[in-house]
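Asker: Chains as they are written, first to last, in full-length UniProt numbering: chain A, 1 to 710; chain B, 1 to 177; chain C, 1 to 329.
Please note that the accuracy of each hint is not assured.
One-sided excerpt, in silico: chain C residues whose CB lies under 8 Å from chain B [unchecked claim]:
#, residue
1, ALA92
2, GLN102
3, HIS156
4, VAL250
5, THR285
Stretches of chain B that chain A covers, calculated by requiring three or more beta carbons in the stretch to come under 8 Å of a beta carbon on chain A [to be verified]:
#, segment
6, 16-28
7, 54-65
8, 97-103
9, 114-120
10, 168-174
Derived from the structure by calculation, the hints contain no laboratory data.
Note that the Cβ used here is the ideal one computed from N, Cα and C, for glycine as well.
Chain by chain, the residues run as shown.
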Amino acid sequence: MTTPAAPPRTSATGTPHTRREGRAKVTGEARYTGDIPFAELAHGWLVTSTVARGRIRSVDTDTVLAMPGVLAVLHPGNALRLTPGAGLMGPDANLQLLQDDRVPHVGWPVALVVAETQEQARAGADALVITYDEEPYDTAFRADHPGLRPTAPSPLAMPDVDQGDPDAELAASAVVVDREYTTPEEFHNAMEPHAAMARWENGRLEVVDSNQGSYAVAQVLAALFSLDADTVRVRSEHVGGGFGSKGLRLPHTVLAVMATTILHRPVRVVLTRRQMFSLVGHRPATAQRVRLGADADGRLRVVEHETASPTSTVHEFAEQSTRHSRTLYAADAFRLRTRVVPLDVPTPGFMRAPGWAPGSFAVESAMDELAAEVGVDPIALRLRNEPETGPVSGLPFSSRNLVACLEEGARRFGWADRDPRPGVRRDGRWLLGTGVAAAAHSAGVGASTAAITAEADGTYTVRVTAADIGTGARTALGQIAADALEVSPESVRIRIADSDFGLAWLAGGSMGTASWAWAINEAAVALRKKLADLPGDMADLPPEGVTAHADTTELLAAREQRESHGYGAQFAEVAVDPASGEVRVRRMLGIFAVGRVVNPLTARNQFIGGMTWGLSMALHEEGVRDDASGGLANGDLAGYHVAANADVPLIEADWIDEHDTYNPSGIKGLGEIGIVGGAAAVANAVWHATGVRHRHLPISLERVLSGGRR
Amino acid sequence: MTSTRSTEISLRVNGETHSLTVDNRTTLLDALRERLDLTGTKKGCDQGQCGACTVLLDRQRVNSCLQLAVAAEGRDVTTIEGLADGEELHPVQQAFVDLDGYQCGYCTPGQICSAVAVIEELAREWPSAATDDVRRPPAVSEEEIRERMSGNLCRCGAYVNIVRAVTQAAKNEQVNA
Amino acid sequence: MREFDYRRAADAHEAVALLSGEPEARFLGGGTNLVDLMKTGVENPALLVDVRGLPLDRIEVAGDGALTIGATMTNSDLAAHPEVRHRYPALAEAVLAGASGQLRNMATVGGNLLQRTRCGYFTDLSRPCNKREPGSGCSALNGEHHNHAILGWSEHCVATNPSDMAVALAAFDAVVRVLTPEGSAEIPLADFYLPVGDTPHRETALPDGALITGVTLPAAPVAARSRYRKVRERASYAFANGSIAAALHVEDGTVRDVRIAFGAVASRPWRAREAERALIGGPATPEAFAAAADAELAAARPLAHNGYKVPLIRNLVVSTLTELQEAAR
């Protein structure tokens, strides 16, 4: 349901603003967690297991403790006891560090060496001899693994769906596409390695941490160390990227707190790049089977989508790849399954557009295959299967403009001139092709609080435990507050990333700005009422100013249920050299409908960043697990390729106007949708260029040279 | 031979000379960050695989994570903190702000130092892997800049705006040259 | 990283003297590979002798046209040098295809010749590796080896040499100049990298304690029409999955001179002499190029997971020679 009423006409939102912290970021003044000096700071260096499964037999601390500068070696034999059951979204045993001698995977933390300097800590960690009793392990994921089982019930799990009569619809279908797709292990690799500094100061635990939500991290630490929540303060002013990896798993933070509690001096722990490949979650490999049954004209009768992924033996995390199937296309019947198998591998986690990114690769590739089978244009096929209500939920849409995205994208990309035949365009050694895919991402909101102070000097200060992990949140929230207060953004001070500001949703799930904006808007309304009720005028404010608070918890709970997503259309043109196997993306275009766009400058950048991830997922990214050791064979940035500058051509992103007040701020969130469908658009373009369908990512040299083999 | 596991060195950083005794193991990156409190230079991988630690050494860009501080003795270092002229940003810095050539900002100091050097490398007509014919001077093109900036990974995926910012600064430099 | 002593040498003779009698000493050039290996614990020198400042940072042109490239010249300066760009374009292209601008500014010519393999097992101290720890075994032989050797490997080691520069040098018959306590010596590049055999830890014929002082490229008119093509999993800043340095001189449709070397296929840059022999005096046609590639690749023994390199190299021979021939027309 699209609400006809436009949000109020404003000056700040909807116009481009350069970042508030821009100058600090280009001059090096912006201090990230590992940049902040502290007197008496000690340095912790993690030691991780080299075996895939077993028990720690011995830790030879004596040699290391005798080394210059070494202050302590924490290990399961001397670590602080932690409270079981803590976790950001339910209990997560990954937080129970150094609590027992069990080793559940290669790269599991087994000790922390603390020393006066980084060099000394690292030398100590390198010298620490740990012996293990090794046990047989299984790290090899495959689609037919006998251990695959349904997921455990959890608020995050997508329940399996049996709707209509899938078997009968399949039997009645004129065309059936039945395919398997795989995506590999993928790793966030935020440029800033995870870092934390912890110290006790005036009876409070003070933590400076690189995370996506300081309030949530403070809550977890309080639970884990059995502290009163008020005694823990977590801050994260500047964060060098997160993508889902900074908040759920906190080995650096937990061990820094443990070390400072034992040593009574500030301790900083920074993960190495290699450690980031086993300790902060990752996107698990997926094996997906998609069966689409359709009438001769392409109208879908049935959508079947089964996704399987590995998890660890420590904690269950299942990649919810069927999310995409639940909202994209109408069909008479659905059969959706999520399966998971615990292996002796690190625990996966949320990675940019979890579920959506791999799910869209499978489903949007299958739609392209169906279009070719039916003999209909891939865009026309999608338009033909546009649903009236949520295909699985049956709920009304808060707004849905996928059709407009596809049509506007087709116009701007030049789709009408496209020759549908595969493998017929050449430019020198390159075969050329174009592809399209649809995108969606849930538009959620989390309960948040915010406070705004009208200062005595006529300015305003907004306090909200938001995180700016590169999204431009600081700047966007300034625009939102300015409009809500009907003042200029320059008169608004934005303070974020301090758990003392109270409950707020994380910078995650594409819900951050949407959640914080709602709370800021409510606080602004409350503040303006307070100010209006004051005797006298603004010049008479008390020295401490006037502050109003807001909490959206109840407002959120009172909302009617809606199917609320952002939608988009992705277009790609690729060049493939069949002789060398090289694939180059020549251009990409994304058109999105994500409600209100607060800051066009940073929003466009984020869309394009997501699309760059889609390109990278399509062509480059692949964690290679070495079954001979159970470890990762390419766990560094030379082995695990993310797109480099030369891989990324002209990428354009734009959006269509969309007014949706399901969230009164009008914001749907846009941090993740840019990756959704991107890999499928590229893979579909590779098919159009070469006539070879690539169902396994990434589309590597080897796969192109071998004709798309697994 | 006497053992000297640490060495007294003199480093000229952003025009200022510092005398310090460093553990021979200390990289230039760690010396800048931990000893001189110049934390604008970032550690992204510590292995020469990401470019976040890029600084200018005798005006040429290098990965400071692989440069031993002791081996930089007597050389001239410019870090991100040394690019602006007082309050006035370096043209590359200003272009990054204006064109939003970043997101999280962590790779940004390395990107900007790299870009400053790239513009000079182009002015010196150094070829690159994107140069069609290495016998001829390279063009100042987006393709050249993409290739030359490829030693600086940006995981946020801000390459498109980075290339715009560097191209704008490079073309301005050409005009002013 | 282990603690170490540091000395800076003023000239090549002093450098060699400082190293002599110090079995745990290493020369430090740009450090781009050595410092990384020291951080991971693969290299644990007790002494570094810094040779980067030696006056060996320039190119000298001999009367017969031969170039002698100083060992401490940076990769960037090498690739930017007019003599290299005009007379050996494939060498400039090879250097520019390697690493990043930052790393090329640091890395020296001598260090590039001595860089170690990027086999992941070599740098993973928890896994067996004959190159790092002789006799411990080769993890890659039956492990992850998508980017390992297809030519010249033994069951003791299947790692590849990662250098791009050395591939072009191999094509142009370079000679490595070294200084030992006994005096100067020259080692043809063809003999510089040792066969793997059962001693993969012995990578070069460089005598103990010897310093590379330079590389000499004989005059080679054919090199003026040369190309380096590198294929890798991203467009830049990645090691090769396969590469080729090639030069071609054709008169009246007949191949008069040809140079071909491959990268990323063996423990050393692979000079394709069989292919060259097959081409000399014959027609310059795509069919002849393919037949020549097949002649060379008859010796290929792909591993379980790197068979794609055989067609890749074959195709690179055909497309690169075809391109060179078309450019000459």
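Asker: Run every hint past the structure and note whether it holds.
Answerer: Evaluation of the provided hints:
The restraint placing C/ALA92 at the interface with chain B holds, with a minimum CB-CB distance near 5 Å, inside the 8 Å limit. Below 8 Å, beta-carbon pairs count as interface contacts, and C/GLN102 has one with chain B at about 5 Å; its hint therefore holds. The closest approach between the C-beta of C/HIS156 and any C-beta of chain B is roughly 27 Å, which is over the 8 Å cut-off, so the hint fails. A distance limit of 8 Å between C-beta atoms decides the matter here; for C/VAL250 the minimum to chain B is near 19 Å, and the interface restraint is violated.
The criterion of a C-beta within 8 Å of any C-beta in chain B is not met by C/THR285, whose closest approach is roughly 25 Å, and the hint is violated. Only residues whose C-beta sits within less than 8 Å of a C-beta in chain A count toward coverage, and the segment 16-28 of chain B has 3 of them, enough to reach three; the restraint holds. Only residues whose beta carbon comes within less than 8 Å of a beta carbon in chain A count, and the segment 54-65 of chain B has 0; fewer than three means the coverage is violated. Against chain A, the segment 97-103 of chain B contributes 5 residues with a C-beta closer than 8 Å to a partner C-beta. That satisfies the three-residue criterion, and the hint holds.
A stretch counts as covered by a chain when three or more of its residues have a beta carbon under 8 Å from one of that chain; for the segment 114-120 of chain B and chain A the count is 0, and the coverage is violated. For a cut-off of 8 Å, the count of residues in the segment 168-174 of chain B with a CB near a CB of chain A stands at 0, and the three-residue condition is violated.
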